[in-house]
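Given only the sequences and the hints, what does the whole structure look like? Please build it.
Chain by chain, the residues:
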Amino acid sequence: MNLEKVVFGFFIILAMTLNFGFFIGDLTDPAQHDVNELFAAIVVNLIASVLKLGDRTQVGAIHLAASLVADLQLVAAAILWAVAVHGTGAGLTPTTTASIVSLAGGAFLANVVSVVLLIIETAMLRR
Amino acid sequence: MIAGAARGGRGAEDAPSVVFLFLRRMRAPLIVLVASYAVAMLGLTLMPGVDAEGRPWRMDFFHAFYFFSYTATTIGFGELPHPFSDAQRLWVSFAIYLTVIAWVYAIGKIIALFQDPAFQRVLAAAQFARRVRALAEPYYIVCGYGETGGLLVDALDRDGVRTVVVDIDPGRINELDLADLQSAVPGLTADASLPQSLLLAGVRRGRCAGVVAVTNSDTANLAIAIATKVLNPRVPVVARCESREVAANMASFGTDYIIDPFERFGSYLGVAVSAPSLYLLREWLTAVPGSPLAEPIEPPKGTWVLAGFGRFGRAVADSLARHGNRVSVIEVDPEGAGRPQAVRGSGTEAHTLEAAGIRSAVGLVAGTPDDVNNLSVVITARELNPKLFVVMRKNRIANGILVERIAPDIVMQPSRIVARTAFGILTAPLLHRFFALARGRDEDWANELAARIAAVATDVVPDSWSVSVDRQGAGAACEWARAGALRIEHLLGDPADRTNRLALIPLLLARADEEILLPPDPTAVRPGDRVLFCGSRETARRQSYLVHNANMMQYVVTGEIPSSAVWRWLRRRAATPAGGAAPRGTS
Numbered sequence: 001m002n003l004e005k006v007v008f009g010f011f012i013i014l015a016m017t018l019n020f021g022f023f024i025g026d027l028t029d030p031a032q033h034d035v036n037e038l039f040a041a042i043v044v045n046l047i048a049s050v051l052k053l054g055d056r057t058q059v060g061a062i063h064l065a066a067s068l069v070a071d072l073q074l075v076a077a078a079i080l081w082a083v084a085v086h087g088t089g090a091g092l093t094p095t096t097t098a099s100i101v102s103l104a105g106g107a108f109l110a111n112v113v114s115v116v117l118l119i120i121e122t123a124m125l126r127r
Numbered sequence: 128m129i130a131g132a133a134r135g136g137r138g139a140e141d142a143p144s145v146v147f148l149f150l151r152r153m154r155a156p157l158i159v160l161v162a163s164y165a166v167a168m169l170g171l172t173l174m175p176g177v178d179a180e181g182r183p184w185r186m187d188f189f190h191a192f193y194f195f196s197y198t199a200t201t202i203g204f205g206e207l208p209h210p211f212s213d214a215q216r217l218w219v220s221f222a223i224y225l226t227v228i229a230w231v232y233a234i235g236k237i238i239a240l241f242q243d244p245a246f247q248r249v250l251a252a253a254q255f256a257r258r259v260r261a262l263a264e265p266y267y268i269v270c271g272y273g274e275t276g277g278l279l280v281d282a283l284d285r286d287g288v289r290t291v292v293v294d295i296d297p298g299r300i301n302e303l304d305l306a307d308l309q310s311a312v313p314g315l316t317a318d319a320s321l322p323q324s325l326l327l328a329g330v331r332r333g334r335c336a337g338v339v340a341v342t343n344s345d346t347a348n349l350a351i352a353i354a355t356k357v358l359n360p361r362v363p364v365v366a367r368c369e370s371r372e373v374a375a376n377m378a379s380f381g382t383d384y385i386i387d388p389f390e391r392f393g394s395y396l397g398v399a400v401s402a403p404s405l406y407l408l409r410e411w412l413t414a415v416p417g418s419p420l421a422e423p424i425e426p427p428k429g430t431w432v433l434a435g436f437g438r439f440g441r442a443v444a445d446s447l448a449r450h451g452n453r454v455s456v457i458e459v460d461p462e463g464a465g466r467p468q469a470v471r472g473s474g475t476e477a478h479t480l481e482a483a484g485i486r487s488a489v490g491l492v493a494g495t496p497d498d499v500n501n502l503s504v505v506i507t508a509r510e511l512n513p514k515l516f517v518v519m520r521k522n523r524i525a526n527g528i529l530v531e532r533i534a535p536d537i538v539m540q541p542s543r544i545v546a547r548t549a550f551g552i553l554t555a556p557l558l559h560r561f562f563a564l565a566r567g568r569d570e571d572w573a574n575e576l577a578a579r580i581a582a583v584a585t586d587v588v589p590d591s592w593s594v595s596v597d598r599q600g601a602g603a604a605c606e607w608a609r610a611g612a613l614r615i616e617h618l619l620g621d622p623a624d625r626t627n628r629l630a631l632i633p634l635l636l637a638r639a640d641e642e643i644l645l646p647p648d649p650t651a652v653r654p655g656d657r658v659l660f661c662g663s664r665e666t667a668r669r670q671s672y673l674v675h676n677a678n679m680m681q682y683v684v685t686g687e688i689p690s691s692a693v694w695r696w697l698r699r700r701a702a703t704p705a706g707g708a709a710p711r712g713t714s
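Chains as they are written, first to last, in my numbering: chain A, 1 to 127; chain B, 128 to 714.
No lab work stands behind these hints, which were simulated from the structure alone.
We treat Cβ as the ideally placed atom computed from N, Cα and C, and that holds for glycine.
Take the hints with a grain of salt, since some may be wrong.
Derived contacts from chain B toward chain A, CB cut-off under 8 Å, selection only [to be verified]:
| # | residue |
| --- | --- |
| 1 | Arg-154 |
| 2 | Val-161 |
| 3 | Ala-162 |
| 4 | Ala-165 |
| 5 | Leu-326 |
Now the structure itself:
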């Protein structure tokens, strides 16, 4: 067992689970999507991306790409949330909530890709 | 295994990726930064506060991010959007230190990374590879930028030839940046004997015209020659080599040109003693074009005293003895040098010179590897016998001023000999063949040619250049060669007046199956032939104009002034007989 692998796997899977936690629930109901969870998902996703930096292998490149996609979508969701609540003052209408949650849903897919890659990579490492 | 395959797929010519190295080294600082922001923001959203109307209020993530964006970077705006409660202030006073320290750590890491020698080497290598890729003309890779490499790069640069330099010493690469060169020469600090350095220097690129290995070490030169022959067998290799075993090794795998400065000087001196005209010819044709023509020298025949019997001394002694001179040697360690009958000593003391018979000798060769010793030998020997013909070995360019004051008859400088020979090989390979053939001719032949060259050269060293009769090298002349009508005299025609001849001398005509030394006027020139000429730079330009311009060439070959189809038709209609007396010059 390798501590580096544990940390790496931990952050990738945590990114996915947090993302899922935020995403799950009624699409248009702001009460079912906690902003704290979105914050946590963004932070963990960023850390996961940084952990993937600098790996020059093919799998490493896909890992990083998937992570960047997730970051992009989650940050877009956060910006949308900030604009809706503080920018326009309109608050979380069902339409805005649906946009934010579906962006997070996209990020969730990217995170699933990351986890699948992680599992494939591990499965191919025969020892 | 996937990783291995992916790595192998990258071109070895590419420099290590700077971006990836940077990102990998930045992992820790970035994680610290993200984590500190996360902790600070989360804490701030949890602290109870009150808004302007005194109602309980908690900061949201957006404002927390905004707040730390301006405090962590030490910009600071104040407490926004509402004045903080004590709980919030308590948290902020902790979190500000946390985030500021994280920033300082990250910035410090970035600065340290850019100052890291390893990172700078990678940066320099990437930049070097980019500059090599950007070279749009053929270039030579010069390995070793010491005295020899410096002279060679300088000479090639003056001739408009592009070079790429690899040297193990960063100081020398800095010198390259400061050198007064016309074109930018990319330089890399790396061990040229490692194949990776040669790949970075573009040895496998199509534009690489040759590799010159002139480092101080024979083994490094050998490694460079082998690596080049393996990586790109098409590319010619010129290597400096001072030991016979290494030279034989180099020759065994097809190193194209091996230059041994001592051997070469030995043979020059032999030629100078036995055939002064041939020696003069070589001096004239290999010197820097435009410099004053060297005066003929006449080393005397008789007994020569030789101080220092190393590689240089042995080569000179062999050569002198072969041409019928008696050689008396002074050596510190006669047994070790393999010449037990030599006088023991360094040659700097009068009694050793006397013992070697300096008073009755005609010439002196000061050939130790130490410049100061050589100076001392020459001064002492001249006191004993002022009429001596003095040959002096100069090891370092920096000692040139001292050597000039002593004014020996011939100065032998290994670095200069190697640079000059390599330059000749690279810029005029035919000249190399010319001398090989000329060696077989007698003094009268050389004497006559020297007189002809002196006539066209007008007191300065003439240029020598070769013309390839093909579409690229001489398009117009090639047309006529295909038709079988081109002769040597046509290449000498003056495009302004065909009854005149350009003041140049055809030295050699080379084709696949034969070589003709000094081809006479009626010699037929076939497509693919290469002809070596010598003359002034001005005539070189006029000849280049001639062989590339179809109209000029037609005029020189046939005497007809070419004209357009309409003009020819009009002239036929008019049927004037004055066609032959057409105006001269361009049409």
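Against the structure, the hints:
{"no.": "1", "hint": "Arg-154", "result": "holds (6 Å)"}
{"no.": "2", "hint": "Val-161", "result": "holds (5 Å)"}
{"no.": "3", "hint": "Ala-162", "result": "holds (7 Å)"}
{"no.": "4", "hint": "Ala-165", "result": "holds (4 Å)"}
{"no.": "5", "hint": "Leu-326", "result": "violated (18 Å)"}
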